[in-house]
Amino acid sequence: MNVINFVNAFFSDSAHWHGYDGIPTRLWEHVQYSLEALALAAAIGLPIGLITGHYGRGGNVLSLVATAGRALPTFGLLVVTTILLGFGMLPVMIPLVVLAVPPILVTTYEAVRSVDPSPVDAARGMGMGEAGILLRVELPVALPLIFGGLRSAAIQIVSTATIAAYVSLGGLGRYIVDGLYQHDYEKVVGGATLVAGMALATLAVFWAAAKVTVSPGVRRSN
Amino acid sequence: MIRIDSVTKQYPDGTVAVDRLSLDIPDRAITVLVGPSGCGKTTTLRMINRMVEPSEGTILIDGVDSRQQPVNTLRRSMGYVIQNAGLFQHRTIVDNIATVPRMLGWSKDKARARARELMERVGLDASFAKRYPYQLSGGQQQRVGVARALAADPPVLLMDEPFSAVDPVVRKGLQDELLRIQAELGKTIVFVTHDIDEAVKLGTMVAVLRTGGRLAQFAPPAELLSDPADAFVEDFLGADRGIRRLSFFSSAGLELLTTPIVAIDSTAEQIAARGATAAPYLLVTGLDGRPLGWSEPGALTAGRVDADRLLPYGRPFVAERDSLRAALDCAVLSPTGWAVAVDAEGRAAGVVSQAAIGEAIRGAHAAGREEQPAPAETAQKVIR
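Just so you know, the sequences run in chain order A and B.
In terms of this note's numbering, the first sequence opens at residue 1 and continues consecutively.
In terms of this note's numbering, the second sequence opens at residue 1001 and continues consecutively.
Extracted from the complex, chain A is given alone in its bound form:
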């Protein structure tokens, strides 16, 4: 009666591979929740982080917001949003986005702010506009760090998206929540293994994305 046995039993049961409660369905749901939450968090965190980092202002406000965001208990927030908004996708997205924005925002701000000032000065002196400086001088150099922020946000989202199951949605959390309720530990361990595997896959995706988009001239600091 150990974890390996549970994992074996879970994955070799063909019933777990079909239907609306099958692994492919749950996995796909989980990927969708995670991508949606990450996209929303990036849409909020990246532009604010890039602009504040470029102008080097607002760092204090940012760290305040980030600390506040991190201090909010995700599960508690889920309960509140569900009570206020009822069951649905939105009450799940809010806590996930609140969780993911701080690492994206703070690392992006720091990444842009810490770009060597002399190429920026050179770019400005040769007549490049501020948007050009941000996108073509600072961003390419800050990219490895920004990826780092996105990556930790993504991993937190992937592991936390299990909460969707508490409010009747799908995703890999379904196995954990249902398994606990049914005292079916095979299911719990199987679900947890899938979440861990997906977190590792997320790491791999970010590693590959950085490999493709970061210039070989930028020496990575992380």
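Where hints are given, some of them may not hold.
Cross-link-like lysine-lysine pairs, in silico, DSBU-like; alpha carbons within 35 angstroms at most [stated by the list, open to error]:
| hint | chain 1 | residue 1 | chain 2 | residue 2 |
| --- | --- | --- | --- | --- |
| 1 | B | K1172 | B | K1130 |
| 2 | B | K1172 | B | K1110 |
| 3 | B | K1172 | A | K211 |
| 4 | B | K1108 | B | K1130 |
| 5 | A | K211 | B | K1110 |
| 6 | A | K211 | B | K1130 |
| 7 | B | K1130 | B | K1110 |
A short, non-exhaustive set of chain B residues, derived as facing chain A with CB atoms under 8 angstroms [as the list claims (entries may be wrong)]:
| hint | residue |
| --- | --- |
| 8 | R1076 |
| 9 | Y1080 |
| 10 | L1087 |
| 11 | M1103 |
| 12 | R1315 |
Just so you know, these hints were derived from the structure itself, not from any lab.
Glycine included, every Cβ here is placed at the ideal spot set by N, Cα and C.
We have chain A already, so just place chain B on it with the hints.
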């Protein structure tokens, strides 16, 4: 011409970086702004391309107020070189250089072709084109910085302490390279440095600024060395300005003695025939005519030279091309007190004594006093 017309820069906290500065920067020449830290030289440079906006006064480019055109149009018409080159680390060397042409809308191919042409001009091997800045040394990076500034062929080049972060040997190479490029291209260059030697070496005109951003003197370097305007300038020039000034006098006027030169395979008769020489030593040359060393004082009477016991001759100067400073330096370094002149191929061209060099220096000073040089025409300088 760039005219800086009583420009003042005062920061909100009350600090005055530049105080009612007026300068006429001549076209197609190198104007150096030099002075101690806090003299406002960099601020002045940065006001020319409006990286810093003047609080008062105007800067006219060819008679037009620099604020008349959009700031980025102005900046694209001026090359800009900064201390650590400021290269874009995510771009290859060729793409770094192609930056401004690309901003001006050139096609990628045309911009890169231009970049490769410039790499050659600044002495960078074509194999660097696809490399990234971190793969280059500081001196090479700065060459890329200069090439990048020249890429769109701007009439003006602004250089802010471009060579101060590299070691002295590399710096000298970069300075020589800049003078060579300038002789080919004839840009209007404004060059900021805190190094007075660099200012004297590179400048057609040198503006010495004093702390608080006021102009102390604006003159060609030879005039600066001969007639410092006041105690501050004199102090800033340093103790050996008399020696440094000799860089501006050619060694062409020196009378070289050829009688003390003997080849290593000379016979006793040939050596004896040198008996009438004014020099106490004989300069022994190899069969190719290159100097080997000074013979012992007794060689003349002994009628033979001892090839194993030659005295070193220090460092020779190139006759006609080098300055009196180089000639004097040779004489001081030579243990015999005589300088050795060589021709362009390194063959001994003659020898000259310290006394004769001293005579030539006095002559040059006297000639300098007679015809005070017109400020614009003193660009002639002898480079060692």
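Do the hints match the structure? See the list:
Taken as a hint, the K1172/B and K1130/B pair is honoured in the structure, with Cα atoms around 27 angstroms apart against an allowance of 35 angstroms. Only pairs whose Cα atoms come within 35 angstroms are accepted, and K1172/B paired with K1110/B is accepted, the gap being roughly 32 angstroms. Annotation: proposed proximity of K1172/B to K211/A is violated, straight-line Cα distance about 40 angstroms (limit 35 angstroms). As the CA atoms of K1108/B and K1130/B are separated by approximately 15 angstroms, the hinted pair is consistent with the 35 angstroms bound.
About 29 angstroms separates the Cα atoms of K211/A and K1110/B, which keeps this hinted pair within 35 angstroms; it holds. For a cut-off of 35 angstroms, the pair hint linking K211/A to K1130/B stands: about 19 angstroms separates their Cα positions. With a C-alpha separation of about 16 angstroms, the suggested pairing of K1130/B with K1110/B holds against the 35 angstroms cut-off. This hint holds: R1076/B has a C-beta 4 angstroms from the nearest C-beta of chain A, less than the 8 angstroms allowed.
At about 4 angstroms, the closest approach between the beta carbon of Y1080/B and any beta carbon in chain A falls short of 8 angstroms, and the interface hint on this residue holds. Given hint, L1087/B at the interface with chain A, holds; its Cβ is 6 angstroms from that chain's nearest Cβ, closer than 8 angstroms. For M1103/B, the shortest C-beta to C-beta distance to chain A is roughly 6 angstroms, which falls under 8 angstroms, so the interface hint holds. A least Cβ separation of about 38 angstroms between R1315/B and chain A goes past the 8 angstroms threshold, and the interface hint is therefore violated.
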